[in-house]
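Number of protein chains: 2
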Amino acid sequence: MKVGVFDSGVGGLTVAKSLQQSGLFSEITYFGDTARVPYGNKDKATVTRYALEAVEFFNGADVDCVVVACNTVSVTALEAMQQFSNKPVYGVLEPGVMALQQLGTVTKQTRVLIIATRSTIASGAYQHRIQALGVEQMDAIATPLFVPIVEEALFDGPILQETMRHYFSSLTKPDVVLLGCTHFPLIAEQIAQYFGGVATIHSGEAMVAWLQQHLELPKQYAQTPIRILASENVEAVKRTAKHWGLIL
Amino acid sequence: MKVGVFDSGVGGLTVAKSLQQSGLFSEITYFGDTARVPYGNKDKATVTRYALEAVEFFNGADVDCVVVACNTVSVTALEAMQQFSNKPVYGVLEPGVMALQQLGTVTKQTRVLIIATRSTIASGAYQHRIQALGVEQMDAIATPLFVPIVEEALFDGPILQETMRHYFSSLTKPDVVLLGCTHFPLIAEQIAQYFGGVATIHSGEAMVAWLQQHLELPKQYAQTPIRILASENVEAVKRTAKHWGLIL
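Taken in order, these protein sequences are the chains called A and B. Here this note's numbering is used: the first residue of the first sequence is -8, the next is one more, and so on. Here this note's numbering is used: the first residue of the second sequence is -8, the next is one more, and so on.
Hints in this document: simulated from the structure, not taken from any laboratory. Hints are not guaranteed to be accurate.
To be verified - Restricting the straight-line Cα-Cα distance to at most 20 Å, the calculated cross-link-like pairs of lysine to aspartate or glutamate (DMTMM-like) are: (1) Lys35(B) x Asp34(A); (2) Lys229(A) x Glu142(A); (3) Lys35(A) x Glu226(B); (4) Lys164(A) x Glu180(A); (5) Lys35(B) x Glu18(B); (6) Lys99(A) x Glu70(A); (7) Lys35(A) x Glu47(A); (8) Lys229(B) x Asp34(A); (9) Lys(-7)(A) x Glu196(A); (10) Lys(-7)(A) x Asp55(A); (11) Lys8(A) x Glu180(A); (12) Lys229(A) x Asp34(B).
To be verified - Per label pair, the in silico range of CB-to-CB distance: (13) Ile132(A) x Tyr212(B): 41 to 49 Å; (14) Leu220(B) x Glu180(A): 37 to 45 Å; (15) Ile132(A) x Leu220(B): 25 to 33 Å; (16) Leu162(A) x His234(B): 21 to 29 Å; (17) Lys233(B) x Glu226(A): 36 to 44 Å; (18) Glu44(B) x Glu226(A): 18 to 26 Å; (19) Leu124(B) x Glu44(A): 43 to 51 Å.
C-beta atoms are modelled at their ideal positions from N, C-alpha and C, and glycine is treated no differently.
Build out the structure end to end from the sequences listed, making use of the hints.
Encoded structure:
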């Protein structure tokens, strides 16, 4: 099975990396909308318009399904994409919620922290799904500064530490942190440590588990080639991909 | 005289504020490309394409000239804009360099620090112009994290302090800092203080001085109305404008 991956920029490479390592796919075609990145502070109407342009691209591409890596798109424009796509389109919202459920110990007493872009948090999509699991203790906060910090490759150090303090210092310690933005897996360890060691949920790993379960795909490919496309500066995306450990 | 102001998003409101306070113009029409902001990490080709779309808008708008508030556009796409515009287009590069000259004491020994987005620094435009003034001691660094920090309204505090340390700690103290991005005037005081009190050059003020000198405009308007347009979420731009002290 050939999979397309759509993202607003380079962040979705964290999801593409999980897909590449999964052995479930024969080929990956990644498209990042680097000419208009980031989507996280933008309107639903704008994000939907951009997402439908991506649908047009993937409708004509040699892929069997499309994974939306970007959380902002997954919570604001997934239905519109599904409506106009000629192949199945999967977002990261359901997989993230499934991963939370499968931690095994989610009860009323579990305290969940959701961190994401402003648009993702404002949509309420994660909050509604997680409340539906019976979780009663939840914080959901927009942490937009983590995105440029990761893009500047400041994966640790005083700027990240001060930014975590800025966003987290007034929160009660969570049991699990749902990383609701593709950039955040790159600072997952630091976030877990900030809270003294907590579980984190990574969209890419969650997506692999979800696809394996829902499509009943066997792990059969030792190597999955990835083709990288972007609306500008594809060379920069390829450099980031290598830097983040994908095999080009 | 009616002036159009083009910017990639909200940052150019710092320039629009200077124009509004100048008394030189009867009316301001501001257009921010919020649907595709930021431009600062994007390619010259992409920025030029977006800038030419703005030209198309201003060609049909009721303005007598266009001010490009965005430094990234001013250094990468000004000539293309001038080529296709049916009215004069002014960028912030020349005014910034003129403001530096008019500080009066620029000599070989003056140490200038230029801070801007990645694209603006990479273009070398400020560096070439300032070298042409005979300045021999110059640092030019990309400080992209200041942009989201200002957009998050973190005008002071530990995140800004750590970010200044990150960018500035290895530099020799400058005599003057050229703020080569529209967002930076909002943290000009903190930057000046970081270096123990230095002069800073603000694109908006520099543009007013330059326009007054080159167009010989009299200061005649007690109040300049501003019309704000944006490629998405114009209400958010208006809120920022009020917050930053423009009179709507």
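Hints, verified against the model:
1. Lys35(B) x Asp34(A): violated (25 Å)
2. Lys229(A) x Glu142(A): Holds. Lys229(A) to Glu142(A) sits at ~14 Å (cutoff 20 Å).
3. Lys35(A) x Glu226(B): holds (14 Å)
4. Lys164(A) x Glu180(A): Roughly 15 Å separates the two Cα atoms, so the pair holds.
5. Lys35(B) x Glu18(B): Judged against 20 Å, a Cα distance of about 31 Å means the pair is violated.
6. Lys99(A) x Glu70(A): With Cα atoms ~30 Å apart, Lys99(A) and Glu70(A) exceed 20 Å; violated.
7. Lys35(A) x Glu47(A): Judged against 20 Å, a Cα distance of about 18 Å means the pair holds.
8. Lys229(B) x Asp34(A): Given pair Lys229(B), Asp34(A) holds - Cα atoms ~15 Å apart, limit 20 Å.
9. Lys(-7)(A) x Glu196(A): Holds - the C-alpha atoms of Glu196(A) and Lys(-7)(A) are around 18 Å apart, at most 20 Å.
10. Lys(-7)(A) x Asp55(A): Within the cut-off at roughly 5 Å; holds.
11. Lys8(A) x Glu180(A): holds (17 Å)
12. Lys229(A) x Asp34(B): Holds - the C-alpha atoms of Asp34(B) and Lys229(A) are around 15 Å apart, at most 20 Å.
13. Ile132(A) x Tyr212(B): 41 to 49 Å: Roughly 44 Å apart at Cβ, these two residues keep to the hinted range, so it holds.
14. Leu220(B) x Glu180(A): 37 to 45 Å: Taking Cβ atoms as reference, Leu220(B) and Glu180(A) lie about 44 Å apart, which means the hint holds.
15. Ile132(A) x Leu220(B): 25 to 33 Å: holds (32 Å)
16. Leu162(A) x His234(B): 21 to 29 Å: holds (26 Å)
17. Lys233(B) x Glu226(A): 36 to 44 Å: Because 41 Å falls inside the window, the suggested range holds.
18. Glu44(B) x Glu226(A): 18 to 26 Å: Once the Cβ atoms are compared, 25 Å apart, the range 18 to 26 Å for Glu226(A) and Glu44(B) holds.
19. Leu124(B) x Glu44(A): 43 to 51 Å: Since the Cβ atoms of Leu124(B) and Glu44(A) sit about 45 Å apart, the hinted range of 43 to 51 Å holds.
When the structure is compared with the earlier hints, violations turn up for hints 1, 5, 6 and for no others.
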